[in-house]
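Residues per chain, in single letters:
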Amino acid sequence: MEGSYWDLVLLVMEVWLFVVLGLIVLPAMFGVSLGFTDLYIKVLVKILEWATRRIQRGQKEQDTLPAHLPNGIIERNDDSMEEQIVELRRSHPKFHSVGDFTLCDAFYFCKKGIESIVDDEVTQRFTSEELVSWNLLTRTNINFHYISVRVTIIWGLGLFIRYCILLPLRVTLAAIGLSWLVIGTTLVGLLPNSNVKNWLSDVIHMTCYRICARGLSARIRYHSKENRPKKGGICVANHTSPIDIVILANDGCYAMVGQIHGGLMGVIQRSMVRSCPHVWFERSEMKDRHAVAKRLKDHIADKSKQPILIFPEGTCINNTSVMMFKKGSFEIGGTIYPVAIKYDPQFGDAFWNSGKYNMVSYLLRMMTSWAIVCNVWYLPPMSIQDGEDAVHFANRVKSAIALQGGLMDLSWDGGLKREKVKQSFKEEQQKMYSSMIVGQD
Amino acid sequence: MGSTSSTLSKIPNAEELSQETGFTSAHLARLFERFEALDKDKKGYLSPQDFEAIKELALNPICDRIIGAFFSSGQEMLDFSSFVRILAHFRPIDNNRPKEPNSPDPINSRINKLKFAFQLYDQDKDGKISRNELLQVLRAMLEKQVTEEQLESIADRTIQEADLDRDDAISFEEFRKSLEKVNIDHKMSIRFLR
Numbered sequence: 001m002e003g004s005y006w007d008l009v010l011l012v013m014e015v016w017l018f019v020v021l022g023l024i025v026l027p028a029m030f031g032v033s034l035g036f037t038d039l040y041i042k043v044l045v046k047i048l049e050w051a052t053r054r055i056q057r058g059q060k061e062q063d064t065l066p067a068h069l070p071n072g073i074i075e076r077n078d079d080s081m082e083e084q085i086v087e088l089r090r091s092h093p094k095f096h097s098v099g100d101f102t103l104c105d106a107f108y109f110c111k112k113g114i115e116s117i118v119d120d121e122v123t124q125r126f127t128s129e130e131l132v133s134w135n136l137l138t139r140t141n142i143n144f145h146y147i148s149v150r151v152t153i154i155w156g157l158g159l160f161i162r163y164c165i166l167l168p169l170r171v172t173l174a175a176i177g178l179s180w181l182v183i184g185t186t187l188v189g190l191l192p193n194s195n196v197k198n199w200l201s202d203v204i205h206m207t208c209y210r211i212c213a214r215g216l217s218a219r220i221r222y223h224s225k226e227n228r229p230k231k232g233g234i235c236v237a238n239h240t241s242p243i244d245i246v247i248l249a250n251d252g253c254y255a256m257v258g259q260i261h262g263g264l265m266g267v268i269q270r271s272m273v274r275s276c277p278h279v280w281f282e283r284s285e286m287k288d289r290h291a292v293a294k295r296l297k298d299h300i301a302d303k304s305k306q307p308i309l310i311f312p313e314g315t316c317i318n319n320t321s322v323m324m325f326k327k328g329s330f331e332i333g334g335t336i337y338p339v340a341i342k343y344d345p346q347f348g349d350a351f352w353n354s355g356k357y358n359m360v361s362y363l364l365r366m367m368t369s370w371a372i373v374c375n376v377w378y379l380p381p382m383s384i385q386d387g388e389d390a391v392h393f394a395n396r397v398k399s400a401i402a403l404q405g406g407l408m409d410l411s412w413d414g415g416l417k418r419e420k421v422k423q424s425f426k427e428e429q430q431k432m433y434s435s436m437i438v439g440q441d
Numbered sequence: 001m002g003s004t005s006s007t008l009s010k011i012p013n014a015e016e017l018s019q020e021t022g023f024t025s026a027h028l029a030r031l032f033e034r035f036e037a038l039d040k041d042k043k044g045y046l047s048p049q050d051f052e053a054i055k056e057l058a059l060n061p062i063c064d065r066i067i068g069a070f071f072s073s074g075q076e077m078l079d080f081s082s083f084v085r086i087l088a089h090f091r092p093i094d095n096n097r098p099k100e101p102n103s104p105d106p107i108n109s110r111i112n113k114l115k116f117a118f119q120l121y122d123q124d125k126d127g128k129i130s131r132n133e134l135l136q137v138l139r140a141m142l143e144k145q146v147t148e149e150q151l152e153s154i155a156d157r158t159i160q161e162a163d164l165d166r167d168d169a170i171s172f173e174e175f176r177k178s179l180e181k182v183n184i185d186h187k188m189s190i191r192f193l194r
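From first to last, the protein sequence lines stand for chains A and B. Here the first sequence is numbered in UniProt numbering, starting from 1 and rising by one per residue. Here the second sequence is numbered in UniProt numbering, starting from 1 and rising by one per residue.
One should not assume that every hint holds.
Calculated cross-link-like contacts (lysine to aspartate or glutamate; reagent style DMTMM-like; alpha-carbon spacing at most 20 Å) [what the hints assert, rightly or not]: (1) A:356 x B:133; (2) B:115 x A:120; (3) A:356 x B:33; (4) B:187 x A:115; (5) B:187 x A:120; (6) B:181 x A:87; (7) B:177 x A:87.
Hints were generated in silico from the structure; no laboratory data involved. Quick caveat, the model's predicted, so the values are computed rather than measured.
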């Protein structure tokens, strides 16, 4: 009896492996899609629409949901400081529109202050976007309460499918993909430098990323492929999560830039660099901006090397907006190829809230979402113009990306996640107010 | 199934707080999440530094006074109930709530909103805004942009207009009278969108 039990287990594992290799890994190697993901997504969309209609029926007695959730949880008055203070003073018995101070002026600042305590534009960008209708993942359920037995059953079924069927499949794929990358690149690294080596290295990298993309059930649409980054250029994109790299590398080979980590990440990084040149820095080197710039300059000067991939925001933002681009990448010279990445939050929230989740829990969340659906737009290449400084150029690129991706263009620095506001910003507010009180000087 | 219920269970005395402040349970849940988001070191209470870390607040010329309003009794730890009680001042006035004759004013009544604003000026809490206190607020709002003489003349003019009993200070009654016609409900209220 024992023997036949183990035989059964072995048989199941063999079938499983065959399915995985045959139907997923092999097609991935040749860049062929068997259309499973598309079918899956179609079915998913139908189910989610059904669930939404059920929820809306259940909520008829409650307030109607707006078609598109505004950003933020409180109503904001976006009129300028001057307009709002004049409004305030309108009902004052001695109405002065300019010049003079009135006691009620403080109300404006007080209200703005309390508003920012309840909800501020910057912190908002570092929490996940909320959905209008529920997508059957508990983690996105703040506004949605218990609806009906049927929805609960579907949700339970969804939970089972996600954790017991999809998760093991995805983990297997990720493991295969990463080990393939490490082994493959190490082997290719042994070859002498030649065209064959470069071609093989490209194949290995692409295959691994394709397998990883399958491991996330990612459905990626690339637009304007004619603008794809070319060798000797710099590819610049908005940053939402580490998965951005997998998304972009599915359609081209890039040289990565980053810090060398320890552990598994370090192993992967070190083996990758054996087969094709990436730019990895030690932690101490990162502080020396000139050294960093020099290495990047040398890389793009060599036209045989892959384009560099940089995320100028410096940190993960929640994909509703684009924050300040750090000017460092724009001072190196060379052509900039902007890329806009927009995830569809309906199927899974790709944003990595590094304060809240560490890498492992984040990957677990990714692999138990329904799918990762995203759009990638390749924008026409841009270069710095005569007389333009790096900051202005960076803002130009940022606006182009924000426009294409339908994201809000903010000038806040993503680094504000961790640092304090500069004194000069506060002085600007004081200047604005004083020009109302005493008039322009 | 909703995570609102799990958030609510973390709030001590959620029912009483909701009664006292008038916030619905959904709004309380959101404010609790905001509280936890501001409490970056997970201490379970907020300190003045947590408020200073809010970028938009740090820009505000009177940010110190606003933060001071939360920590009014001199303590350095703000728990969730106190946080919500202060924010309750900014709830829109409910005109539909029947007013029982002997019950105290709700936290967000017109008078209480005015008292909150008054307290921003009256830092030593003696019930009057002295000329000096007014100067301090003006300095905070205008700092290097105007000269000291201009500040003094603005302060003098303001006191002249509002001070009815000629004691060279603005009492709460005088403050209230001078702002009689201002739509306090609109200007000192924050509406939740969801």
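Output the numbers, in ascending order, of every earlier hint that fails for this structure.
As far as the earlier hints go, 1 and 2 are violated by this structure, in ascending order.
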